[in-house]
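Student: Chain by chain, the residues:
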Amino acid sequence: MLTIYILWLRQLKRFSRSRARIIASFGQPLLYLLGLGFGFGPIFEKAGQGNYIQFVAPGIIAMTVLFASIFSGIEIIFDRQFGFLKEMLVAPVPRLLIMVGRTLGGATVAMIQALMVTVVCVLAGFRPSVAALPVAFVFLALIAIVFTAMGTAIASVLSDFQGFQLVMNFLVMPIFFLSGALFPLNNLPKAMDIIARIDPLSYGVDGLRATLIGVSHFGVGTDLIVLTVLSVVFMAIGAKLFARIQI
Amino acid sequence: MIKVQNLVKTYGQIEAVRNISFEVQQGEIFAFLGPNGAGKTTTIKMLTTLLRPTSGTVEIDGLDAATNQNEVRKRFGIVFQDPSLDDELTAWENMDIHGALYGMPRKIRRERTEMLLKLFELSERRDHPVKQFSGGMRRRLEIARGLLHTPKILFLDEPTLGLDPQTRNQLWSHVQKLSQEERVTVFLTTHYMEEADRVAHRIAVIDHGTIVAQGTSAELKQQTSTETLEQAFLALTGSQIRDEGADSSNDMRNMAKMFRRPR
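Chains A and B are the protein sequences, given in the same order.
First residue of the first sequence: 1, per the numbering used here; consecutive thereafter.
First residue of the second sequence: 1001, per the numbering used here; consecutive thereafter.
Chain B on its own, in the form it takes in the complex (with noise of 0.2 Å):
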């Protein structure tokens, strides 16, 4: 369902994303694991054709990202990481929008709105405008959002940050259910490796824009001789701290944000 090869991200001479390479099968949940910087957002954005590849190819359910935009677009729903709601209207309209925006017809918008509203809990404010709603509901919009136009494959870009974890329990419950009955492939990111072991199918590693290791969990475990996915992960990326903001790459990227700008 996703081919990556060889893809390749460089902003100016670093390179965020050296030469990866994986497939996820049809109804696979592929868990896409690193350290802080260590590309994850990068190459999500590359798979979801936000930002253009230096180099290699992406196929989206047999079709090339790079030439056939609109229908991958179509192909999947996305959960960023940061918030990408319109704060100033309602729960409803964010979906309607959203609905509008992939040609879903009227009729059918509202009764996917309607019972994905009810099946995150969100029916009773609705109507209410997002900037009332706190971090939890506003992540469960956005989910339910992603899930409205029936994508065949779902990102989600670190989802549970920040959530209870009622919420995040009842978050990969849904994924669980979503990837066995509709065999939906779900790619996602999380800092979190409890769930990653919970969830994933099959877990990658990446580091430094390369990935390091790839596998199921107990593949993962067996590997680096760790009794936890936690500790192989730290036995394949160094247990040393990242800082995100002193990231090298992050300071290339704000400075060729920087020359971008019209001065």
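Excised from the complex, chain A in its bound form (with noise of 0.2 Å):
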């Protein structure tokens, strides 16, 4: 249990210090929320959809986790580069709870992020529903260690930074773009339709917008259950992976 909350106080540590990565986690979100949100607005109201801030907020939010958890995950990479990781390797104790630590503390560090944004999504007139927030925050909760999880199985295979641009590219981007975050899941053409439920963003997202504006595709019990499995089966492993880590 030691184990577990020293690591995850070091991630919350680090992310409160970098005042870089505190004001850089607004950065792109705004500039989709504004961009986006502004911007396609008049098209997304003429075609019947309602109002597009309401509707695109709760993907802001889901991606906001996206790339933090992402991140956090990577960071083992940087704990490689910077010799930290040796330190976690030797110590006694079992890999496994190093990395739940990690994780939790990663995902602590991307729900933060997220709740910050949230309040910005709210300044530029976005209106959740207040009742349904501790639903809401169950699902950053699952999207966070998911994504989080995924992270720290790919930096425990990738040894420097060079695969990380591939990563964001070809893994990161795709999951966000075609989740759902920006556009309503409904009439897709079926390859898209297969790829989106592939996606485990999707069901992050679809979960926090009927959370928190009460639309969903897939239905709430479905993104649950997804997410809660998801999140079983990328904690293992990414456990399975960084237990395999040798320096």
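Derived by calculation from the structure, the hints in this document are not laboratory data.
Quick reminder that beta carbons are idealized off the backbone N, C-alpha and C, glycines included.
Heads up, some of the hints might be wrong.
Taking lysine to aspartate or glutamate and the DMTMM-like style, the derived pairs with C-alpha atoms no more than 20 Å apart in a straight line are [unchecked claim]:
(1) A/K13 x B/D1127
(2) B/K1131 x B/D1087
(3) A/K13 x B/D1087
(4) B/K1221 x B/D1207
(5) A/K13 x B/E1088
Label-pair ranges, simulated between beta-carbon atoms [stated by the list, open to error]:
(6) B/S1021 x A/I247: 16 to 26 Å
(7) A/T228 x B/T1067: 31 to 41 Å
(8) B/L1063 x A/I247: 46 to 56 Å
(9) B/D1082 x A/G27: 31 to 41 Å
(10) B/R1183 x A/I247: 26 to 36 Å
(11) A/Q246 x B/T1057: 12 to 22 Å
(12) A/I237 x B/R1183: 54 to 64 Å
(13) B/E1182 x A/Q165: 47 to 57 Å
(14) B/R1106 x A/A20: 27 to 37 Å
(15) B/E1111 x A/L171: 45 to 55 Å
(16) B/Q1025 x A/Q246: 43 to 53 Å
(17) A/L166 x B/D1082: 21 to 31 Å
(18) A/I198 x B/L1063: 21 to 31 Å
(19) A/G27 x B/K1177: 47 to 57 Å
Given two chains presented individually in distinct reference frames, assemble the corresponding complex, making use of the accompanying hints.
Tutor: Structure follows, in structure tokens:
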């Protein structure tokens, strides 16, 4: 327990001390919110789909969690480069606990970032259902765990930053763009529909949308089950790959 | 305290460590010397459970390092060749994480951290982030951290690299004290022969992955009919310069890394 706690705390301290990271966590979501939210808003409304800010905000929040979580996981590469990984790996504790501590820490940081972005969304005109916030919080946590674990798994097999760009372009960006964060999943072409169903983030976005604005594509129950199963699966994969690291 | 038998590590076709055996007794200071790329760090990694040997056994305090990893890890402290501190955190926090990872109760963690930071003259900077520290201060902090959980064995992989003579002197005095008063076993590597000559009870020289000589400093000098340990070392390993980057075992290590990387 102490192991998990101390490594969780380490992630939080690292985040809270990096002003650059805190500010950066606003940048991209803000851009999407303003650019897309206000840019596409009029067209979206004309198409009879209602307020686009209202629709896209849960997607932006999910995106924040996605990027922050993957980054937290990928931070293992930093630890490897700056040497702290060795300190963790020679410690007399099971690798599983180290991985769990790191993942929970990373997931917590991602959720904090998501909450900050939520506030920005509200300032921009987003009106979520307040009663559903606790359930939305559960979804945030699940998304954060799934993707931090995914980042951990990826970072465990990459030994430097060369592969990082590859991961961003061919994994993280597609996960975001094809998840329905920016558009409704109804009436998609067959191929897109299949991809969206495979994409873990689709269920996160849908869950957030279901709770925050009461619109759902898959249904809250499905979202919850899929994400729970995926968190367990990715934690297991992440733990397995992390345990295999040799330096 | 340390018992190594027929230890082998191969990367692909290259043998980084070829069938080495040695023993280190409790309280002994054992120096492991060798030119760059001779297999020193690979050996240390295997002794400290970071790397699985290809074959052979490592016994630490009577426990098999391969099957009893966590028990073995509790028994040693290590100062790595490269930095391994968290730069964003303070000296105190680095110590605290270490103590927690080694399961030390909070009170003891605090007491020992305070004591060690004082000993290594870091108390005044304890709440400063490590990224503001000089090279010498970082090194001192790493050593203090390695001692935090009162290990029975201390591994020092080129601990004095980049330290000024004052700090080096202080470090070795402290290591000698640990060995004498607390019977801590010390396994060290260094490129400074005079340091090994001064502190080590016994010395092993490794080259091309094999131990080419083993004994006290006097024995090594006698064996090679030389005056100083440095001359003995050169007589044993040749005076040709080793370029670590061009060293074949390193090449193989990098190749192996490359193949492990998914593309």
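Student: Evaluate each hint against the coordinates.
Tutor: Structure-based check of all given hints:
1. Between A/K13 and B/D1127, the direct Cα distance comes to roughly 13 Å. Compliance with the 20 Å bound is thereby established for this hinted pair.
2. For the hint linking B/K1131 to B/D1087, the alpha-carbon distance of about 5 Å falls within 20 Å, and the restraint holds.
3. Among the hinted pairs, A/K13 with B/D1087 is consistent with the structure: their alpha-carbon atoms are about 12 Å apart, no more than 20 Å.
4. Among the hinted pairs, B/K1221 with B/D1207 is consistent with the structure: their alpha-carbon atoms are about 17 Å apart, no more than 20 Å.
5. A C-alpha spacing of about 8 Å is found between A/K13 and B/E1088, which places the hinted pair at or below 20 Å, so the restraint holds.
6. For B/S1021 paired with A/I247, a C-beta distance near 25 Å keeps the hint of 16 to 26 Å intact.
7. The hinted range of 31 to 41 Å is satisfied by A/T228 and B/T1067, whose Cβ atoms lie roughly 36 Å apart.
8. Distance hint check: the CB atoms of B/L1063 and A/I247 are about 22 Å apart, inconsistent with the given range 46 to 56 Å.
9. The given range of 31 to 41 Å is respected by B/D1082 and A/G27, whose C-beta atoms sit roughly 33 Å from each other.
10. Taken as a hint, the range 26 to 36 Å holds for the pair B/R1183 and A/I247, whose Cβ atoms sit roughly 30 Å apart.
11. Taken as a hint, the range 12 to 22 Å holds for the pair A/Q246 and B/T1057, whose Cβ atoms sit roughly 18 Å apart.
12. Checking the proposed 54 to 64 Å range against A/I237 and B/R1183 shows it is violated: the Cβ atoms sit about 45 Å from each other.
13. Separated by about 50 Å at the C-beta atoms, B/E1182 and A/Q165 satisfy the suggested range of 47 to 57 Å.
14. Checked against the hint of 27 to 37 Å, the C-beta distance between B/R1106 and A/A20 comes to roughly 32 Å, which is consistent with it.
15. Between B/E1111 and A/L171 the C-beta distance comes to about 47 Å, which sits within the given range of 45 to 55 Å.
16. Between B/Q1025 and A/Q246 the Cβ separation comes to about 29 Å, which falls outside the hinted range of 43 to 53 Å.
17. Between A/L166 and B/D1082, the C-beta spacing of about 26 Å keeps the proposed range 21 to 31 Å intact.
18. For A/I198 and B/L1063, the hinted distance range of 21 to 31 Å is not satisfied, since their beta carbons lie about 47 Å from each other.
19. Between A/G27 and B/K1177, the C-beta spacing of about 53 Å keeps the proposed range 47 to 57 Å intact.
The structure shown violates the earlier hints numbered 8, 12, 16, 18.
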